[in-house]
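If you read the sequences in order, they're chains A, B, C, D and E. Take 429 as the starting number for the first sequence in our numbering and just add one per residue. Take 429 as the starting number for the second sequence in our numbering and just add one per residue. Take 429 as the starting number for the third sequence in our numbering and just add one per residue. Take 429 as the starting number for the fourth sequence in our numbering and just add one per residue. Take 429 as the starting number for the fifth sequence in our numbering and just add one per residue.
Just to be clear, a hint being listed does not mean it is correct.
When chains are identical, the list treats them as one kind, so a pair holds in a single copy or across two.
[Unchecked claim] Below are the BS3-like pairs computed for lysine-lysine, each with C-alpha atoms no more than 27 Å apart in a straight line:
| no. | residue 1 | residue 2 |
| --- | --- | --- |
| 1 | Lys580 | Lys567 |
| 2 | Lys580 | Lys743 |
| 3 | Lys689 | Lys497 |
| 4 | Lys616 | Lys743 |
| 5 | Lys745 | Lys567 |
| 6 | Lys540 | Lys567 |
| 7 | Lys689 | Lys616 |
| 8 | Lys540 | Lys497 |
For the record, the hints were derived by calculation from the structure and aren't laboratory data. Small disclaimer: the values here were computed from a predicted structure and weren't measured.
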Amino acid sequence: MILLQYFEPETQNWQQIDFSTLPQQLSADARVWINLNDANADELQQVLQHFAITPTMAEDFSRQRHPPKLETQADYSLLILRGYADADFSEYASSAQVNLLYSHNVLISMIKCHNPHLLQQLTPQLIAGHRNTVADWVKQLTLNVAASYLEKLIAFEDELSELEDNMLHRGNDEQMALMMRYRSVLRKINRNLAYQKDIFADALYEENSPLLQQFGRPVVRDFYEKFERLHSMTDMYYDQLSDLVSGYMSTSSHQINDRMKVLTMISSIFIPLTFVAGIYGMNFEYMPELTWPAAYFSVLALMAGGGVAALFWFKHKGWW
Amino acid sequence: MILLQYFEPETQNWQQIDFSTLPQQLSADARVWINLNDANADELQQVLQHFAITPTMAEDFSRQRHPPKLETQADYSLLILRGYADADFSEYASSAQVNLLYSHNVLISMIKCHNPHLLQQLTPQLIAGHRNTVADWVKQLTLNVAASYLEKLIAFEDELSELEDNMLHRGNDEQMALMMRYRSVLRKINRNLAYQKDIFADALYEENSPLLQQFGRPVVRDFYEKFERLHSMTDMYYDQLSDLVSGYMSTSSHQINDRMKVLTMISSIFIPLTFVAGIYGMNFEYMPELTWPAAYFSVLALMAGGGVAALFWFKHKGWW
Amino acid sequence: MILLQYFEPETQNWQQIDFSTLPQQLSADARVWINLNDANADELQQVLQHFAITPTMAEDFSRQRHPPKLETQADYSLLILRGYADADFSEYASSAQVNLLYSHNVLISMIKCHNPHLLQQLTPQLIAGHRNTVADWVKQLTLNVAASYLEKLIAFEDELSELEDNMLHRGNDEQMALMMRYRSVLRKINRNLAYQKDIFADALYEENSPLLQQFGRPVVRDFYEKFERLHSMTDMYYDQLSDLVSGYMSTSSHQINDRMKVLTMISSIFIPLTFVAGIYGMNFEYMPELTWPAAYFSVLALMAGGGVAALFWFKHKGWW
Amino acid sequence: MILLQYFEPETQNWQQIDFSTLPQQLSADARVWINLNDANADELQQVLQHFAITPTMAEDFSRQRHPPKLETQADYSLLILRGYADADFSEYASSAQVNLLYSHNVLISMIKCHNPHLLQQLTPQLIAGHRNTVADWVKQLTLNVAASYLEKLIAFEDELSELEDNMLHRGNDEQMALMMRYRSVLRKINRNLAYQKDIFADALYEENSPLLQQFGRPVVRDFYEKFERLHSMTDMYYDQLSDLVSGYMSTSSHQINDRMKVLTMISSIFIPLTFVAGIYGMNFEYMPELTWPAAYFSVLALMAGGGVAALFWFKHKGWW
Amino acid sequence: MILLQYFEPETQNWQQIDFSTLPQQLSADARVWINLNDANADELQQVLQHFAITPTMAEDFSRQRHPPKLETQADYSLLILRGYADADFSEYASSAQVNLLYSHNVLISMIKCHNPHLLQQLTPQLIAGHRNTVADWVKQLTLNVAASYLEKLIAFEDELSELEDNMLHRGNDEQMALMMRYRSVLRKINRNLAYQKDIFADALYEENSPLLQQFGRPVVRDFYEKFERLHSMTDMYYDQLSDLVSGYMSTSSHQINDRMKVLTMISSIFIPLTFVAGIYGMNFEYMPELTWPAAYFSVLALMAGGGVAALFWFKHKGWW
């Protein structure tokens with residue numbers, strides 16, 4: 429289904445029209461927004477051919493899974509972005525895929541997002557009687573994509589310090605598994621953010637970048653800084669999780685060492701002593717020691733001596 | 429064996445001819461594809477000398493194991509690519525080696541691939557009555573090389589999330605060994621992809637790159653993006669596997685710690701008590717305590733006291 | 429609350445005036461410092477609009493949590509810095525956020541800092557009868573921001589060598605937890621310092637950088653070197669902590685190994701022997717061995733033989 | 429001892445002459461190769477002064493242990509290379525040091541190599557009646573240096589996959605030590621290869637590089653690609669060994685965990701039960717339970733109950 | 429105390445004069461070396477003001493702890509270097525701080541070094557009747573700084589291979605602690621060397637670098653190569669130590685695993701058997717099995733059966 433919003437310059441009003449009735453030549457004042465979220469492959473082809481999109485751009489635009497990129501050919505720019513559609517970083521279903529094709533007065537959008545609230549935010553706002561510029565829409569969508577990460581990242585900071593407190597003192601396997609999921613998700617969004625950061629970084633370094641012409645340097649720089657900040661935050665959080673994992677392991681290792689010390693000392697002292705007691709608990713008829721009057725206390729004394737000797741040996745070895 | 433397909437401009441038709449009958453001077457409209465997959469060393473030399481290939485290019489072309497590269501001298505370009513020929517990433521026999529030498533109307537190919545299905549895809553398609561350009565063939569081969577990685581990488585993503593679920597809860601040595609094999613294979617293809625990515629990245633940055641002239645910037649950029657994406661995917665999957673290995677170890681370490689705690693506490697309490705019981709199980713004739721009426725209950729009370737004291741000591745030490 | 433200090437060129441004196449009485453046109457000799465530390469959102473807007481700050485700069489200036497950055501548009505530069513406000517690196521509440529907007533004769537500052545001593549240092553000094561230049565203030569604030577890290581980092585060096593001595597010999601969980609907190613804090617300030625270093629590095633590489641024009645190359649280079657040094661120190665300290673964690677773990681592992689060796693040898697020798705003693709301690713009526721005269725000494729001899737054999741086996745295996 | 433081979437243009441023949449009889453002025457057609465492998469310090473000085481080598485170049489040339497480098501001053505180039513002289517990567521005695529000083533018709537070489545076979549390969553070949561160019565010799569030596577690594581690296585690949593199979597299933601300390609030695613050697617040759625790669629990479633990026641003038645771009649590019657490939661191979665093998673070490677540790681950790689589980693469960697169940705049995709094995713005269721008719725079976729039932737309860741507790745805790 | 433050596437062009441001789449008698453205008457042929465090693469703050473200020481050093485350079489020169497840097501303003505260059513003053517890498521007290529301020533005929537030096545032998549080497553040599561150039565002194569000092577690292581690094585190589593042999597076979601906690609100290613020291617000198625390497629690398633890339641004008645490109649390149657080599661050596665040694673730490677841990681882990689296997693098998697077999705023996709060692713009056721004639725041998729058979737079954741179970745599990 430092709431949803432087409434048309435801004436008629438004469439009436440200064442937005443109206444939803446049928447794609448087939450769209451005039452072939454658009455006046456410079458007209459605005460068109462074509463929403464292909466629910467379009468099938470044929471409708472998609474129809475629209476792309478109508479605006480004479482080149483094959484490589486058309487192919488990339490049609491994909492539902494393409495990493496963020498920017499490409500400009502002739503009048504049209506293809507901008508692919510990815511927003512964060514899930515509630516937090518413990519579970520990652522899929523990103524919000526934002527495919528945009530735009531010229532100065534046409535915006536073709538195809539947005540896939542399983543989170544209806546975010547989908548709503550990623551939809552251009554039409555204001556009756558007001559001729560939005562296409563650049564404004566694209567700018568708004570880009571900022572909303574950035575915002576979809578930022579809120580979750582800021583919320584994650586608190587979760588992270590809680591994890592830090594927990595892991596070292598009362599860590600358990602569920603928390604460990606949670607951290608593993610976090611790391612996995614942060615890696616994925618870090619990659620998406622790197623692509624998006626690079627789009628705007630490249631634009632800033634290129635003299636004649638179309639983005640600079642469409643939005644102006646301050647806005648592109650703002651885009652860059654927002655995604656750079658998101659990228660650096662995910663980097664840092666990921667690294668902090670890694671530190672936590674290694675710190676957790678180091679602590680475990682040290683505690684194992686401590687417990688091992690206790691276990692080894694107690695076992696080394698009492699297992700041989702128990703063996704000696706076991707010997708004199710045997711029921712052989714002929715065991716001469718059993719009848720000696722002083723035997724019991726001699727054995728007790730020997731046992732005590734052995735135990736104390738073992739303690740001194742451990743002391744000498746620096747075990748306590 | 430030299431397989432030679434010749435497109436005669438006059439008849440507009442493809443025909444398989446003998447290498448010795450190939451005209452020394454080709455008309456601009458003619459096309460030649462020489463398939464050296466099954467050629468021996470002599471035949472190889474014969475063909476390379478016929479087209480006056482320079483020695484360094486000839487040497488690299490003749491190798492069956494050369495990392496991906498691009499070199500252009502005079503009319504001929506040498507493009508070496510590597511596709512992924514195995515079924516998945518758990519076993520890596522060898523890559524598909526794609527050696528191409530081409531001018532604007534001659535393509536010499538030597539492809540080694542143990543997977544017949546992929547070999548088929550890496551073979552130029554001749555269309556009767558249609559004069560393919562050599563650039564089209566090379567483009568198609570390059571895209572097919574990229575595709576040979578992509579399908580396996582996308583399939584691998586699912587395998588990876590399954591591994592993630594398994595490792596933390598029911599990990600075993602077979603899965604660990606599988607992960608080690610995956611890591612080893614991903615490292616190898618990551619290196620191949622890095623070479624291939626760099627070929628096209630270099631071309632994009634060089635003003636007069638032959639690739640840009642042969643294919644045009646949008647196509648070269650498309651090549652670059654495809655290999656860059658593959659490279660970044662293998663990077664990410666490799667890193668996720670590494671995270672998994674370290675997470676697995678951290679979890680193991682923590683579980684060892686937990687078990688150690690239980691073992692040490694139980695051993696520390698009961699081994700000494702058993703020793704005490706062992707003492708009074710000895711059969712010495714003269715053991716005065718044995719005849720005291722309250723001895724048994726005193727010993728029991730002492731044992732209980734010792735056990736409780738140990739528990740408190742562990743509690744005090746924060747073990748539970 | 430808007431605190432406004434005005435330097436009247438005629439009287440050559442500083443006086444605190446009300447914002448509403450500020451002349452719309454400032455003479456080149458006048459100086460204005462507006463302190464918005466305690467301003468509310470409305471007052472903030474009022475000031476920013478009065479000086480016609482562009483929206484993106486105004487938005488960044490208004491944030492209480494924005495990473496360090498520098499932006500110049502028209503006459504105004506926005507400089508955001510972050511100082512270290514906590515007593516040491518074991519606890520990190522929040523950074524001192526220093527937001528500065530300045531032209532050649534106006535400084536608008538908004539500083540959030542929970543440490544009153546540092547806040548004092550981050551406040552421009554007014555000298556009666558003396559016309560400070562705005563650049564001097566900004567320079568002083570920047571140097572004070574750098575100094576807020578330096579003192580703590582130099583103090584940390586000693587703490588670190590103490591930790592190094594402790595961890596390997598008498599490490600415990602509290603110290604491990606402390607090191608984890610240090611690592612977490614150093615990561616965070618490392619990121620802040622990287623942003624601040626980059627601000628000045630970028631300025632040095634840009635011919636027409638406003639910073640170079642305002643402060644001169646030697647001063648900007650000095651800023652860069654100071655933050656670069658701080659950044660490299662946090663990097664190094666962080667890495668040394670990581671080395672310490674891994675060294676600690678390696679030592680733990682080795683000690684576990686040593687204890688395991690003792691435990692396994694003693695258990696392997698005495699547990700089977702105790703079992704044998706246990707057999708002959710059973711009270712069955714018909715146990716023929718019990719009545720054999722030589723049984724007791726034979727069993728003792730067998731036990732001794734078994735123990736010695738086990739010792740040789742361990743020796744053979746290289747356990748001691 | 430100075431070994432001097434002189435190609436007399438008139439006779440078109442090579443002859444070994446004494447250094448003192450070398451004409452001060454060489455005709456452009458003459459060729460001289462001076463072999464200083466067995467020269468002492470005085471002879472070395474004599475030769476270097478004869479050809480007026482600048483002091484810094486002379487100093488570097490005289491060293492028997494200098495990392496690979498290239499320097500050109502006036503007519504002479506100093507090229508220092510390092511080949512791999514040992515049989516494989518398990519033992520690293522020292523590299524083959526190849527110090528070359530050359531102009532268009534003079535080659536001074538000093539090669540230290542403990543492997544006679546490689547030394548032979550690193551010696552320029554003189555062909556009677558044939559005027560070799562010095563550049564040909566240097567090219568041949570450079571290719572042979574590269575080859576000295578390549579054969580061992582290709583052989584190492586097989587060794588590595590064998591190690592991979594072994595380590596995870598039947599790893600032992602000898603193999604671990606072998607891997608440590610491999611890692612150490614690969615690090616060292618990786619550093620040598622990095623220097624050699626950079627020599628040729630720098631030459632490719634420099635317009636007026638003497639190397640480009642002496643050998644032509646295709647040959648220098650070939651040198652670069654060969655050393656780059658070697659460097660990337662050692663990098664990869666090193667990383668694969670590191671993966672193997674960490675995988676080995678992860679597997680060990682998991683197996684320890686598994687064994688710990690068995691040990692802890694069995695100990696936790698049977699050690700307390702043995703203690704109970706020990707109590708009723710004590711020989712106190714007054715132990716009222718001993719005479720109760722149902723005591724034995726009650727205790728057995730209690731023991732069974734305790735054991736089953738412990739099993740359920742472990743089950744509940746997810747231990748099996 | 430200000431030590432001033434003055435070379436009078438007329439007498440061609442060096443003489444130690446008082447700072448106050450130094451002529452304000454120096455002839456181009458005169459040379460002055462001012463040694464401020466033992467100067468107090470006032471004397472320092474006096475000298476710096478006499479030569480009109482700019483404040484930022486004066487401030488950096490006066491510091492006793494400033495990382496290596498180079499700065500040139502007007503006629504004077506500030507060069508700060510750091511040498512290695514300790515005997516080896518097991519203990520790091522502090523670096524030798526070499527602060528130099530020089531013009532073409534004035535050298536002001538302030539050197540702090542706790543090692544008198546190195547301090548001696550870092551002192552400019554005056555030769556009677558000979559007019560040293562200042563550049564020669566600075567060159568000599570720079571080379572001596574580089575040499576102060578090199579000798580210790582070459583000696584360290586042997587120590588490292590000894591450590592490699594020791595750690596894997598007879599590693600203990602003292603060696604581990606030594607390795608941790610080495611790593612810590614190598615990190616610190618690596619940072620110092622990075623700064624010093626960068627000073628000369630920057631000079632090589634800058635067309636009008638003052639260093640190039642003072643020393644000529646071959647000498648600066650030689651400086652660069654020396655420090656680059658030192659830097660790459662510390663990098664490599666540091667990494668080899670890290671490999672050693674991880675290899676050590678991997679070996680420990682594997683040995684723990686091996687010991688755990690023995691302990692678990694022996695405990696799992698004999699602890700339950702001992703329990704059974706303990707049951708029949710209880711002294712209950714009514715234990716019907718005790719009187720059965722075949723009971724003893726049945727129990728022995730059952731025990732043997734249980735032990736063998738356990739062995740098979742472990743065999744089946746692949747434990748041996």
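Taking the earlier hints as the rules, which of them does this structure contradict?
2, 3, 4, 5 and 7
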